[in-house]
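Model the full assembly from the supplied sequences, consistent with the hints where possible.
Listed here are the chains, written in short residue letters.
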Amino acid sequence: MQLAQVAGTVVASRKDEKMVGVRFLVLKDLDLENRPSGGSVIAADPVGADRGEVVIYSKGSSARQTEITRDRPNDAVICGIVDQWEVGGAEKYRKI
Amino acid sequence: MQLAQVAGTVVASRKDEKMVGVRFLVLKDLDLENRPSGGSVIAADPVGADRGEVVIYSKGSSARQTEITRDRPNDAVICGIVDQWEVGGAEKYRKI
Amino acid sequence: MQLAQVAGTVVASRKDEKMVGVRFLVLKDLDLENRPSGGSVIAADPVGADRGEVVIYSKGSSARQTEITRDRPNDAVICGIVDQWEVGGAEKYRKI
Amino acid sequence: MQLAQVAGTVVASRKDEKMVGVRFLVLKDLDLENRPSGGSVIAADPVGADRGEVVIYSKGSSARQTEITRDRPNDAVICGIVDQWEVGGAEKYRKI
Amino acid sequence: MQLAQVAGTVVASRKDEKMVGVRFLVLKDLDLENRPSGGSVIAADPVGADRGEVVIYSKGSSARQTEITRDRPNDAVICGIVDQWEVGGAEKYRKI
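Chains P, D, F, Y and A supply the protein sequences, listed in that same order.
Counting in the numbering used here, the first sequence runs from 1 upward without gaps.
Counting in the numbering used here, the second sequence runs from 1 upward without gaps.
Counting in the numbering used here, the third sequence runs from 1 upward without gaps.
Counting in the numbering used here, the fourth sequence runs from 1 upward without gaps.
Counting in the numbering used here, the fifth sequence runs from 1 upward without gaps.
Please keep in mind that the hints were generated in silico from the structure rather than gathered at the bench.
Please note that a few of the clues may not be correct.
For identical chains, the list gives no copy identity; a pair is met inside one copy or between any two copies.
[Unchecked claim] Think about it this way: if two alpha-carbon atoms lie no more than 27 angstroms apart in a straight line, the pair counts; the simulated DSS-like pairs of lysine-lysine are:
#1 K18 <-> K95
#2 K28 <-> K92
#3 K95 <-> K28
#4 K18 <-> K28
This is the structure we're talking about:
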């Protein structure tokens, strides 16, 4: 999984039929110091993340292992909303 | 998924038999500011995207989860045609 | 899928038993302008591509979806031999 | 697999239901000389690794092949705790 | 698949139970000119490669398609020991 911040939304009204009903969020990758690392991904969201929240997400076939993404042509999914992480005992992020 | 623009077409008349009937489009990757990011991919198209349209696409095994790509040696597929996206509340693209 | 040119061959007489009988080709990745992009891959070939021909290839689990690669530890496969591609209406390659 | 050092932890109380009960560790990738290579990943831990320990981890669908990650939207997992590695006969790391 | 040279070994006595009995080799990636390309991977070895030998290896789910890696959390496997490869008719490597 990678750390990322929910940065925006993507609207796509004409979709493959198996993607109908899936909401897409724009995620900006974060490094371990809580800085944008330059990468980004469009991910499905089974947990209801809000803009600005920090999440962990999975890619590849693992992104089809949630109820809302099963058997869909989806290759990135939010797994959880991050409360806190630390590296070497130093807190790098805490959700307010 | 990643954002990309439909940039062209690839013709391949001699194909693995499991790829017969699949149409290939050339996609140029876009960053979140709607600029080409340098990458590109050849993707199958189950949604009927037109040249110049912006799409989201999936890679890997997820690219076989549409009707037209099931069980085929296909590793990239268009999931939807993008109407609009925004980052931090600022609209970055809107389909005309 | 990615565009690549058939550049050479790899001979490996001692293989995992599930790879016996698979022929390996050396592919050099091409960018959309038909220039080498620096990457390369060793791929199985179910279509009988010749040296110098331009192909599209798939990676990952999709590379096991041809008759000759099914259930084998193979992660790259040629899908088709390219006749022509164009970007923005400008032809970038045509097979002679 | 890649070599990495256990560097920290991630807490995510609101998760996809299939991720409940999975503990996430922060891993920093190591090169063959036992130096950080710049990359990092959030991985599930079925072996009980401690902070500072060096591990090998797998990515992708292989990360779902342990008891604690089966059928979960998990794309990185620790496979083992490294005791020692050597390159060209020169020991690069030994667990104290 | 990619070309690589067997450069060393990794010892991990405490492993996920599904990895018990798998031997790990350190592989250094090679470019088409038989020079190290900078990357490396830890791979399972079903063919009995020796130090210094050049091999081709697969990644991802394909790395679970050998007898010794089936259903294991393994994401890289040696497929064969390379005898020779050539690019554009010029021999780049031959096993002595």
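Tested hints:
For the identical chains of this complex, K18 and K95 are inter-copy neighbours only, at 22 angstroms across copies versus 34 angstroms inside a copy, given an alpha-carbon limit of 27 angstroms. Taking CA atoms no more than 27 angstroms apart as the test, K28 paired with K92 passes in both settings, with 17 angstroms inside one copy and 15 angstroms between copies. Taking the shortest alpha-carbon separations for K95 and K28, both the intra-copy value of 17 angstroms and the inter-copy value of 22 angstroms come in at or below 27 angstroms. Both within a single protomer and between protomers do K18 and K28 lie at most 27 angstroms apart by alpha-carbon distance, with minima of 25 angstroms and 24 angstroms respectively.
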